[in-house]
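There are 4 protein chains.
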Amino acid sequence: MNRIKTAIVGASGYTGMELLRLLLVHPNVEIVAATSRQEVGKTLAAVFPRFCKAAGAELAFIEPDPDAIAASGAQVAFLALPHGVAADIARALLERGIKVIDLSADFRLRDAAVYQEFYDHPHPAPDLLDEAVYGLPEVRGPQIQAARLIAAPGCYPTSILLPLLPLLRENLLELNTIVANSMSGVSGAGRKADLSLLFCECNESARAYGVPKHRHLSEIEQELSHSAGEKVTISFIPHLIPVNSGIVTTTTATLRDGVPPAAIGAALDQAYADSAFVRLLGRGGCADTKNVTRTNFIDIGWQYDPRTHRVILMSAEDNLGKGAGGQAVQCFNLLFGLSPIAGLQNF
Amino acid sequence: MNRIKTAIVGASGYTGMELLRLLLVHPNVEIVAATSRQEVGKTLAAVFPRFCKAAGAELAFIEPDPDAIAASGAQVAFLALPHGVAADIARALLERGIKVIDLSADFRLRDAAVYQEFYDHPHPAPDLLDEAVYGLPEVRGPQIQAARLIAAPGCYPTSILLPLLPLLRENLLELNTIVANSMSGVSGAGRKADLSLLFCECNESARAYGVPKHRHLSEIEQELSHSAGEKVTISFIPHLIPVNSGIVTTTTATLRDGVPPAAIGAALDQAYADSAFVRLLGRGGCADTKNVTRTNFIDIGWQYDPRTHRVILMSAEDNLGKGAGGQAVQCFNLLFGLSPIAGLQNF
Amino acid sequence: MNRIKTAIVGASGYTGMELLRLLLVHPNVEIVAATSRQEVGKTLAAVFPRFCKAAGAELAFIEPDPDAIAASGAQVAFLALPHGVAADIARALLERGIKVIDLSADFRLRDAAVYQEFYDHPHPAPDLLDEAVYGLPEVRGPQIQAARLIAAPGCYPTSILLPLLPLLRENLLELNTIVANSMSGVSGAGRKADLSLLFCECNESARAYGVPKHRHLSEIEQELSHSAGEKVTISFIPHLIPVNSGIVTTTTATLRDGVPPAAIGAALDQAYADSAFVRLLGRGGCADTKNVTRTNFIDIGWQYDPRTHRVILMSAEDNLGKGAGGQAVQCFNLLFGLSPIAGLQNF
Amino acid sequence: MNRIKTAIVGASGYTGMELLRLLLVHPNVEIVAATSRQEVGKTLAAVFPRFCKAAGAELAFIEPDPDAIAASGAQVAFLALPHGVAADIARALLERGIKVIDLSADFRLRDAAVYQEFYDHPHPAPDLLDEAVYGLPEVRGPQIQAARLIAAPGCYPTSILLPLLPLLRENLLELNTIVANSMSGVSGAGRKADLSLLFCECNESARAYGVPKHRHLSEIEQELSHSAGEKVTISFIPHLIPVNSGIVTTTTATLRDGVPPAAIGAALDQAYADSAFVRLLGRGGCADTKNVTRTNFIDIGWQYDPRTHRVILMSAEDNLGKGAGGQAVQCFNLLFGLSPIAGLQNF
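Line by line, the protein sequences give chains H, F, E and V.
If you read the first sequence in the working numbering, its first letter stands for residue 315, the second for the next number, and so on.
If you read the second sequence in the working numbering, its first letter stands for residue 315, the second for the next number, and so on.
If you read the third sequence in the working numbering, its first letter stands for residue 315, the second for the next number, and so on.
If you read the fourth sequence in the working numbering, its first letter stands for residue 315, the second for the next number, and so on.
Chain H extracted, bound-state conformation:
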């Protein structure tokens, strides 16, 4: 089988680890470069003992140097870097003819001013924003296939957008009534030595954080507005809960007058009947993170409350899977014309 030469830039965090986990055994991938400033010279297996005995895990980490990456023969690079850092290396790789799937926030927004508002610094590469494709395969499949630069969505946005977008496209909701509450596993906060992420600080704990204006709101509202055809502003409250990975999101919104509840299920069915990775649980289905961890699935159930005329959307995904690494691989499969499920058949 012809394998695509692939680089992973910034591979020592949790997202990088998930990309390695998926790509080391992806039938169409050969990992030719993995970078990490802190781990230069160590093998993948040494840094992540879980990967010991995987074919390819004896590769050594290198510096995130674009020339070295290009010299590895990489045709495509996944970037698992902090926002603000990803843009420069993305440009350098593109200039060297390497396609880029960026998992940071740097290319998710169409508007550099919104980026500055939410990320507190000027956009590092505004000229590339027009070209970048927001990598939600269920929504932008054709554009992803043709892209050079893909911006994989954030974990929270994926869990909020996939249930909502079909309802907005069908104009089923009162747009100013949308409230999304998400609960995320601790890996979503990254692999960094920080007191607040210690086991004893997170275990037996649950709390909201980042209210009222979490950075992911920017891309959520951009995509909702795009589907609705008008500006949408929502409330989004993220919470941290003591699981390694997994996001469950509950979104409520008022149905427009006269919309029958069955229209909710119909809109979801129509949008995702042929989807490989969206699993519809139907009315009353309560999505559970335990069914999606370590997969690329998102489970979506819904309920309708006639007392309040609100729809309740319940979605679950793995924040590292469909919320990050899995979705990036799904984009990769599209980009290279592979089977949609190549390398993503884990249960």
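Identical copies carry no separate label here, and so any pair may be met within one copy or between two of them.
Simulated crosslink set (BS3-like; lysine-lysine; CA at most 30 Å straight-line): (1) Lys-319 <-> Lys-413; (2) Lys-527 <-> Lys-356; (3) Lys-356 <-> Lys-506; (4) Lys-356 <-> Lys-319; (5) Lys-367 <-> Lys-506; (6) Lys-356 <-> Lys-413; (7) Lys-367 <-> Lys-356; (8) Lys-506 <-> Lys-413.
To be clear, the hints were calculated from the coordinates, so they are not data collected in a lab.
With chain H fixed as given, assemble chains F, E and V onto it according to the hints.
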């Protein structure tokens, strides 16, 4: 010190265990009877090894027989029984001159028809509803002091009502915009042999359940409506998360036109400045369950989002503490004229 | 690809679930039958929502009827049944020409009297014991390849035997000094509605159990004695810890006089240098369950303490993986001449 | 009530937090000083929101300056500092007439050479070693009452020594056969920003560490030797498991020839019949951390295996409780002639 002779009826579940934990070392309490059909004849210490060497833990469980409880000399009984079962024994104890603090749902609602709607069976003692006092000490202190029959609130309602009631009394909110999302530890589901409550089913899992019409909605809306002076209908979505105990609730609502955000903080300050067990975290304070577990505190923070004109209320309590056993003891202290914090000084 | 028609008997517990997880995506397997008395008529995906959208997950559970299993065309059956129950159906399937990989304890012991001593009932099929092969592929590869009836080892025994056997074969240890302490995830106790397995009973808890004569001792000592060439009796203390899956075992033993510590590493290297699933961590390597969960690997490290002249063996595996389902699939691969790692390439 | 003016030096780690938790509500204590270099100027309640509304929690952290501590009027100081750091401040406080209960390792060993061997630096105050009393109240009650400088034992040692010492005193064991395996909650590793202590690194993980010569071995063997009347050398293997707190220890040893198993129970009974904090579970009792967390109890059960002639001792304590803060308070109660259980009546 003069100790009040106290019975605990239904003491082998998690709420019963919490009551025992608190009352065994309460300076003004002598436990004279503890009942459990399954554990008759065993000592408290045998059923709950944690209590071994506590003074009083050598007491043996008896049948939940009103005459036997009366014969123990009990002046007051805590009932930690399922709804539908509590009412009969409550009546029998009242007839024998024993005050009752009921932790079931049987006496929380003023309207037997609402009980039937939410609990799917006729109310077992509608004639007692007028007399029963909803045992939220921050709201009904004087009535609790004078009561014979106290209905301790549910765990979810406590976490939703305490932040909301002051805002409703001050008429700050658009009443039809209230959405409450709660996350609860697994002890809230009770101590029963059920596949869905196994460690491996709950660990590394998070999900909504009981939508759209959880039973606790009935008392939540009753109390909100009472404070608002008109009928209030809300959305309430409970979730199960993998912690032993603790509830964190996030409630959103739109401010009425012209209400300044500072009015939120002012309403909370005014309501709870002198409260022994409500801790106000102020604007931006994100309540965390880890700070309240095994205590009778509820922590309340809030935030305002000018983009949506919504207030975000964030509260945390222990579902077994302020949400059940602790609050019942707080009522007990009021009922017997004790220090508000007697037996509740745990950190 | 020619797929082997495969049945899973008793597929609704945790071991059955793990077998399904592995076999649904095994490239050489077609699942033609799955049985569960409680779930007859439901699909695999309905009982285990995690498997929804897996090819084959729409298969419906049937009764564990040997004729029905034979009618499915099954060439081989995995049995994930309780001990005492497995033997009868194993015999019936063998009579119908179906090979059997039994994950119960029924065929692990060579001596029916030992079975009765440890399992408290007469062996249900003593005539089959001679034929059954103890399915530890690192030790009995050729016999497994030729077998009709394979007895997959217990989870604890696997974690204890693989580090110890090479040392016994080389005669490095004082045989009467072996002490094994194991810590197991809760899935090892099975998927049954039992108060002691509730989330709140297991979370934030750790304890020994089953001392001094856990049932797995019987097969551990049988295999140790076989390798040592004389009767070996050990101490084995299992513990339950709050993880879903994973076993870590620490085994101590005194080196025979004159044996140099380096002989330990040499014996392990020689035994497992070519092994696909044993990963040697070397001297000082502390095996961690988090590196092996959901894989078929066992990680083995060791240390030597000159103060006590003891070797310390530290092994980690997934109790459902290398300790049960993964190892059974490893046997299956041997039995059908497949690649050793077919269907087991998960990280 | 006359309250003893008390200082806590190094109060921002997990042990310091536990000391605060106990001492803030101890009926005979007034906390007059709490130190933390990092948190100077913040109140106890600000650093630990759990303590908000506790009387005394508005005290502000100060620098660990002996003169400032003396100026606070402190009669006694608890030191929760790293080893090597504690000795200097202990000396300075003693010189100012303040009694010291040190929870570090600095004064646990009688022999400065052993300290250097295990802690890799010269002992910082060898002249004080003679005076220091090893603060195991069940063993050295009278000396503790009369001490000026108490060295509270380590968490692992407490869980190993209390079950073993009575057996050594009675000469029941073959001394060279003792093997102790301990599993500890993550708080035992301290409150420090370290990748290996992140939630995602510890959750769903179990592993040994620190073999073969953990620092606590030094005091364990010192105390065992003292009781045995001859040099005792043991194997000790600590493990990390995903719970916040709690240690369970399993110790095995061979009975001396001719010793009847009943002698084990008799020795334990005789040693601890009158003990306030040792709970004997008897033969077959498997100690569980969940029964002792947040208490000062140690639960001890035992079993005898006639096949190997080994005794199995199973003990459980809270590493922060009986293993650290609780035990230090127990020493404090002795030192000041208070009720043994003052401030330690939590369940």
